[in-house]
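Participant: The primary structure of each chain is shown beneath.
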Amino acid sequence: MTVDGTDRTAAAGGEGASGPAPCVLEARGVGKVYHPASSRVVVALDRVSQRFEAGGLHVIWGPSGCGKTTLLSLLGGLDMPTTGEVLVDGTPLDRLSEPELSLFRRRRVGFLFQNSNLLAGVPLWANVSLSMVPDGISSASRRAAAGARLAELGLEDLGDRTPEELSGGEVHRAALARALVRDPDILLADEPTSQIDEANAAGVMAVLDRLARAGKVVVVASHDRFVREAARWVTELKSTRRAIGG
Amino acid sequence: MKHWTLLWLALEMAVRHPVRFWATVGCLVAVFTPLLVGMAILEGVRAESIASVDEGPDLLVTGYEYGRNGSVAEALVERCRRLPDVSRARGRIVGRTFLSDRLLTVVGLGRSDGLPVPPEGEAWVGAALAADLKIVAGSYLSLADQGELTLRVGRVLSPRAGLASSRLVMLSLKDAQKLYETPGRVFDLQIWVRPGEDRHARRLLQVAYDLRTTGHPLRIQTKKLVGEYVDRGLSIKGGTFQALYLVALGVLVPALLVTSGFGLSTRRWEIGLMKALGFSVVDVIEMAAVETAAMSVLSTCLSFLLAWCWVRLLEGALVAQLFIAGLEQGSVSEIPARFAPEPVLIVLALAAILLSAGLVYTSYRSATARPVEALR
Chain A
74 MTVDGTDRTA AAGGEGASGP APCVLEARGV GKVYHPASSR VVVALDRVSQ RFEAGGLHVI
134 WGPSGCGKTT LLSLLGGLDM PTTGEVLVDG TPLDRLSEPE LSLFRRRRVG FLFQNSNLLA
194 GVPLWANVSL SMVPDGISSA SRRAAAGARL AELGLEDLGD RTPEELSGGE VHRAALARAL
254 VRDPDILLAD EPTSQIDEAN AAGVMAVLDR LARAGKVVVV ASHDRFVREA ARWVTELKST
314 RRAIGG
Chain G
56 MKHWTLLWLA LEMAVRHPVR FWATVGCLVA VFTPLLVGMA ILEGVRAESI ASVDEGPDLL
116 VTGYEYGRNG SVAEALVERC RRLPDVSRAR GRIVGRTFLS DRLLTVVGLG RSDGLPVPPE
176 GEAWVGAALA ADLKIVAGSY LSLADQGELT LRVGRVLSPR AGLASSRLVM LSLKDAQKLY
236 ETPGRVFDLQ IWVRPGEDRH ARRLLQVAYD LRTTGHPLRI QTKKLVGEYV DRGLSIKGGT
296 FQALYLVALG VLVPALLVTS GFGLSTRRWE IGLMKALGFS VVDVIEMAAV ETAAMSVLST
356 CLSFLLAWCW VRLLEGALVA QLFIAGLEQG SVSEIPARFA PEPVLIVLAL AAILLSAGLV
416 YTSYRSATAR PVEALR
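Just so you know, the sequences run in chain order A and G.
Numbering of the first sequence is given in the numbering used here, commencing with residue 74 and proceeding in unit increments.
Numbering of the second sequence is given in the numbering used here, commencing with residue 56 and proceeding in unit increments.
The shape of chain A in the complex, shown without the other chains (with noise of 0.2 angstroms):
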């Protein structure tokens, strides 16, 4: 459930002062329930609402077990709510044919997740660029667009190297590297800082917060102070997740 959905920085007096950026991504009453027909059901999300915009980090606050990831997996198309809809410029997702929603999280969406999900023993460069593969984009053009973004996060030595040869840090910045290289409009980061040293996750959010301000909606999922200290917007959530019945 939503109980608290404020601009940090408006109140501050800061840039977000200027007026609202356009909202491309909302969650409107969005709930998850799963195992519905069994005796186990979970409410893991519970009627969340929430305008998500461009120019600033949008932080979801909360801990463990709040649903974070499940709302987070919800804007990315991952998933779909059991109650409510997710709007992408207006557009309920769940209106989207199969066709059309790959191409919505191939084109529109990066995906940090928690804990990476890099191919292992594939070459950075080729996890990297996985997502332009469906798109028929050449071999060599894969691997420059990796390239590039794997620089920009100081990885550019490391795209022949395997996964398994990093470490979490650089695996870190490497799946990074994989949600950004589509230029994506949206880019949903899972706990991006959880399983990274402070520098590492200094430079992370330092991406992060120069994307946001670039007009991407950056939305974070988080319990780490320090991710939402750098927020322009908090949206808390509390746990709302529990067992009916079994």
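By construction, these hints were calculated from the structure, which means they are not laboratory data.
Note that the structure is a prediction, hence the values are computed from the model and not measured.
Just so you know, even glycine gets a beta-carbon here, dropped at the ideal spot from N, CA and C.
It is possible that part of the hints are untrue.
[What the hints assert, rightly or not] Here are some chain G residues pointing at chain A (derived, C-beta under 10 angstroms):
1) 208
2) 319
3) 328
4) 337
5) 426
[As the list claims (entries may be wrong)] Looking from chain G toward chain A, a few residues come up when the C-beta cut is under 10 angstroms (computed):
6) 56
7) 58
8) 59
9) 247
10) 250
11) 329
12) 330
13) 331
14) 335
15) 395
16) 399
17) 400
18) 425
19) 428
Position chain G against the provided structure of chain A, taking the given hints into account.
Facilitator: Here is chain G on its own, set in the frame of chain A:
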């Protein structure tokens, strides 16, 4: 271009899991190699049999006693030769006997124009039998059945003479009559009718009619009929082999499906990730189809290669005996085998079907699930 990039990615993803990849290909090869061996030997034996029938007489005449084949008087051979449409006729005795505990076929041939026949007191021995018994031209051979004979080996038949002659002893008709104590009798009569395009069939009928009028109880079989018997006999053997094989396949299919589903959770996770990154269901299915096609083609090629080695280097061990009665290991220099394209295509189709069930279907299931579920 899109399909090309998907194709390469599918191949890269397939070889990323070498254990899964090679275990599946290995299972397919283990299943299909014996089938290709069996089909190749069946076709080889069929081709050799048909060639043998084609080279044989136009009419095969035997006696008919109590509903079974019986011998006929040798005098009938001469009478046949005088029939107007007969170009050539000869009597034959075909029997079996043991020599040093080895079962062998004895063929006694009567003289006929243009056909080679061993002279009296001489035997021609098949290559495999000669090698087995260490017989060379000039050796002496003692045969015993109803009577006893000692013959000089005049010739060892060429190994290329074919499967039928590999364990054969050819004698003159007179010697064979002594061996089986059937003086003045032959077991069958081979008759060649003068060729002549459209008149050939009529001439066959005429000869058959003339033979009927001799008063002897005879069973007359045309070349076509003998060919059909051979073909039917081989079809029954082939059918039996295929039935047995299908039973074995039925047992192996679940194992194969388990193998191709080996690492299913990893595959599901990978598909979930690809879906999360924007791959559509069609993209995922296309990749699974490419992987299926690659493994099908590879396993078919390997099966073919192994089957060829099995036939040529191992003489079709364990499988050839199903098609060639009385065959012992090493008894022929070359197992008759013909690798036709049809069985290879059948194997390719079967491999594709089995893999589709184990791979494309599971990929489809994962691809149609929401990415979050597949990634979980």
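Participant: For each hint, tell me whether it holds in the structure or not.
Facilitator: Okay, the hints, checked on the actual structure:
{"no.": "1", "hint": "208", "verdict": "67 angstroms, violated"}
{"no.": "2", "hint": "319", "verdict": "17 angstroms, violated"}
{"no.": "3", "hint": "328", "verdict": "6 angstroms, holds"}
{"no.": "4", "hint": "337", "verdict": "7 angstroms, holds"}
{"no.": "5", "hint": "426", "verdict": "4 angstroms, holds"}
{"no.": "6", "hint": "56", "verdict": "4 angstroms, holds"}
{"no.": "7", "hint": "58", "verdict": "8 angstroms, holds"}
{"no.": "8", "hint": "59", "verdict": "7 angstroms, holds"}
{"no.": "9", "hint": "247", "verdict": "69 angstroms, violated"}
{"no.": "10", "hint": "250", "verdict": "66 angstroms, violated"}
{"no.": "11", "hint": "329", "verdict": "7 angstroms, holds"}
{"no.": "12", "hint": "330", "verdict": "7 angstroms, holds"}
{"no.": "13", "hint": "331", "verdict": "5 angstroms, holds"}
{"no.": "14", "hint": "335", "verdict": "4 angstroms, holds"}
{"no.": "15", "hint": "395", "verdict": "40 angstroms, violated"}
{"no.": "16", "hint": "399", "verdict": "33 angstroms, violated"}
{"no.": "17", "hint": "400", "verdict": "31 angstroms, violated"}
{"no.": "18", "hint": "425", "verdict": "5 angstroms, holds"}
{"no.": "19", "hint": "428", "verdict": "8 angstroms, holds"}
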